[in-house]
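*Asks:* Chain B: place on chain A using the hints.
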Amino acid sequence: MWLFFHKLASPPYFYALAGRLIPWFGSICLLLTVVGLYLGFFVAPPDYQQGEAYRIIYVHAPSAWMSMFIYVVMAVCGAIVLIWRMKLAEVMAVASAPIGAGFTFLSLASGSLWGKPMWGAWWVWDARLTSQLILLFLYLGFMALYSAIEDRRIAARAASLLAVVGVINIPIIHFSVKWWNTLHQGPTVTRLDAPAIDLSMLIPLLLMFLAFKFYYATAVLIRARHELLLRERATAWVRKLLERAGA
Amino acid sequence: MSEFFAMGGYGFYVWSSYAITAVVLVLNIVKPWLASRQTRRRLASRLQARGDTP
Chain A
1 MWLFFHKLAS PPYFYALAGR LIPWFGSICL LLTVVGLYLG FFVAPPDYQQ
51 GEAYRIIYVH APSAWMSMFI YVVMAVCGAI VLIWRMKLAE VMAVASAPIG
101 AGFTFLSLAS GSLWGKPMWG AWWVWDARLT SQLILLFLYL GFMALYSAIE
151 DRRIAARAAS LLAVVGVINI PIIHFSVKWW NTLHQGPTVT RLDAPAIDLS
201 MLIPLLLMFL AFKFYYATAV LIRARHELLL RERATAWVRK LLERAGA
Chain B
1 MSEFFAMGGY GFYVWSSYAI TAVVLVLNIV KPWLASRQTR RRLASRLQAR
51 GDTP
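For the record, the sequence lines run as chains A and B. Counted from 1, the first sequence has number 103 at position 103 by our numbering; the numbering is strictly sequential. Counted from 1, the second sequence has number 44 at position 44 by our numbering; the numbering is strictly sequential.
Think of the hints as simulated: they come from the structure by calculation, not from any bench. Treat the hints with care, as some may be off.
[Claimed, not checked] Over 12 Å on every C-beta distance to chain B, these chain A residues come out as not near it, computed from the model:
#, residue
1, Arg20
2, Gly26
3, Ile28
4, Glu52
5, His60
6, Ile80
7, Leu88
8, Phe105
9, Ser110
10, Leu133
11, Phe137
12, Arg152
13, Val167
[Stated by the list, open to error] In silico SDA-like pairs for lysine to any residue, Cα to Cα no more than 25 Å straight-line:
#, chain 1, residue 1, chain 2, residue 2
14, A, Lys116, A, Ile134
15, A, Lys87, A, Ile22
16, B, Lys31, A, Leu30
17, A, Lys240, B, Ala49
18, B, Lys31, A, Ser147
19, A, Lys178, A, Lys7
20, B, Lys31, A, Tyr54
21, B, Lys31, A, Arg20
22, B, Lys31, A, Val34
23, A, Lys213, A, Tyr48
24, B, Lys31, A, Lys178
25, B, Lys31, A, His184
26, A, Lys7, B, Ser36
27, A, Lys87, A, Leu21
28, A, Lys213, B, Ala35
29, A, Lys116, B, Phe5
30, A, Lys240, A, Phe14
31, A, Lys240, B, Phe5
32, A, Lys213, A, Ala234
33, A, Lys87, A, Lys213
34, A, Lys213, A, Val164
35, A, Lys87, A, Leu30
36, A, Lys213, A, Leu88
37, A, Lys178, A, Ser147
38, B, Lys31, A, Lys7
39, B, Lys31, A, Thr130
40, A, Lys240, B, Arg37
Yeah, the Cβ is synthetic: ideal placement off N, Cα and C, and Gly gets one too.
Pulled out of the complex, with its shape left as it was, chain B reads as follows:
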């Protein structure tokens, strides 16, 4: 198992590139998803504040 993580001495390079890829790809999904949820909430509450929900 530790041999697997060592990657023949290249562990640092291999795992850093996978880690950085994972971080960027996850952020690029989570951030817009949260932003979109927030926008929906903001628009909905504004709509309610105007009092014209049926």
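Chain A extracted, bound-state conformation:
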């Protein structure tokens, strides 16, 4: 087991392994999306209160979950960077940020498109929406900080510190619908008792959630490989790789 982790942390091994995993993760993501959307649009019935508009949930909720999940991954990588100075953790944190920012933007955009017909407003300064907007700024701050410092290793350490401090926002987002009286509805899936959603709607939702997880795995590995290539361009293994590709 330790040997595996040790091997995984070696750039050429990670680069090759990621290259082999990307097509698999990508295909699983596409398959889950097709099945999830089919069940979500053709099998699940319309909502008794919101009619067909609720179908936005199949992209909205998974985007919002992923925006928080990716942030936690980024913060854990950030902590590893600060404690052990592990290069691969730097690469993973840096590769995660733009994808997480994308999901955060999507949760806000699709939420806005859902809020307009249901609440009558594109935006309200409600606790859930505001804390999610702060999450977007944390992602953008991480990316800006990383690109502002020339030396990639120092930049990664500075940005990691921001990521670790910012993780305080995650429980705030999650519990915002309970702590404050918000317009945003409370949790429907992650409750201690049974989920407040019918199975015919829950199954496509969970499939879309899994699809987005595999999407993240695909996207993060593509970005991580690129970042690794840029950082290690002067090393022997990259030279060998390029020579083999050119031959």
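*Replies:* For chain B alone, kept in the frame of chain A given last:
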């Protein structure tokens, strides 16, 4: 069929949120993929220019 696209009058909201999601997710795959391909080409041509390919 047109009833399906109308989404009970919410068509604009439902399809815009799916469209924007698709655009962002596809861009977040295609852009880094193209960038990585370009980097590989740039590094390979630099290597060749130095003339030390075996």
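*Asks:* With reference to the structure, classify each hint as holding or not holding.
*Replies:* Going through the hints against the structure:
1. Arg20: Per Cβ check, Arg20 of chain A is outside 12 Å of chain B; nearest 15 Å; holds.
2. Gly26: 8 Å, violated
3. Ile28: 14 Å, holds
4. Glu52: 4 Å, violated
5. His60: Contrary to the label, His60 of chain A does not stay out of reach of chain B, its closest Cβ about 7 Å off (not over 12 Å).
6. Ile80: 22 Å, holds
7. Leu88: 17 Å, holds
8. Phe105: 7 Å, violated
9. Ser110: Violated: least Cβ distance 4 Å, not greater than 12 Å.
10. Leu133: 17 Å, holds
11. Phe137: 18 Å, holds
12. Arg152: 14 Å, holds
13. Val167: 22 Å, holds
14. A:Lys116 x A:Ile134: Given that 25 Å is the threshold and the Cα spacing comes to 21 Å, the pair holds.
15. A:Lys87 x A:Ile22: 21 Å, holds
16. B:Lys31 x A:Leu30: 18 Å, holds
17. A:Lys240 x B:Ala49: 16 Å, holds
18. B:Lys31 x A:Ser147: 17 Å, holds
19. A:Lys178 x A:Lys7: Distance ~44 Å between Lys178 of chain A and Lys7 of chain A Cα, so the pair is violated.
20. B:Lys31 x A:Tyr54: Violated, at about 31 Å.
21. B:Lys31 x A:Arg20: 20 Å, holds
22. B:Lys31 x A:Val34: Holds, at roughly 23 Å.
23. A:Lys213 x A:Tyr48: 29 Å, violated
24. B:Lys31 x A:Lys178: It is violated: about 39 Å lies between the C-alpha atoms, which goes past 25 Å.
25. B:Lys31 x A:His184: 33 Å, violated
26. A:Lys7 x B:Ser36: 23 Å, holds
27. A:Lys87 x A:Leu21: 20 Å, holds
28. A:Lys213 x B:Ala35: 23 Å, holds
29. A:Lys116 x B:Phe5: Between Lys116 of chain A and Phe5 of chain B the Cα gap is close to 19 Å, so the pair holds against 25 Å.
30. A:Lys240 x A:Phe14: 15 Å, holds
31. A:Lys240 x B:Phe5: 53 Å, violated
32. A:Lys213 x A:Ala234: 33 Å, violated
33. A:Lys87 x A:Lys213: 24 Å, holds
34. A:Lys213 x A:Val164: With a Cα-Cα distance of about 22 Å, the restraint between Lys213 of chain A and Val164 of chain A holds, given a limit of 25 Å.
35. A:Lys87 x A:Leu30: 31 Å, violated
36. A:Lys213 x A:Leu88: 20 Å, holds
37. A:Lys178 x A:Ser147: 37 Å, violated
38. B:Lys31 x A:Lys7: 29 Å, violated
39. B:Lys31 x A:Thr130: It is violated: about 29 Å lies between the C-alpha atoms, which goes past 25 Å.
40. A:Lys240 x B:Arg37: With Cα atoms ~16 Å apart, Lys240 of chain A and Arg37 of chain B stay inside 25 Å; holds.
Against the hints set out earlier in the document, violations occur for numbers 2, 4, 5, 8, 9, 19, 20, 23, 24, 25, 31, 32, 35, 37, 38, 39.
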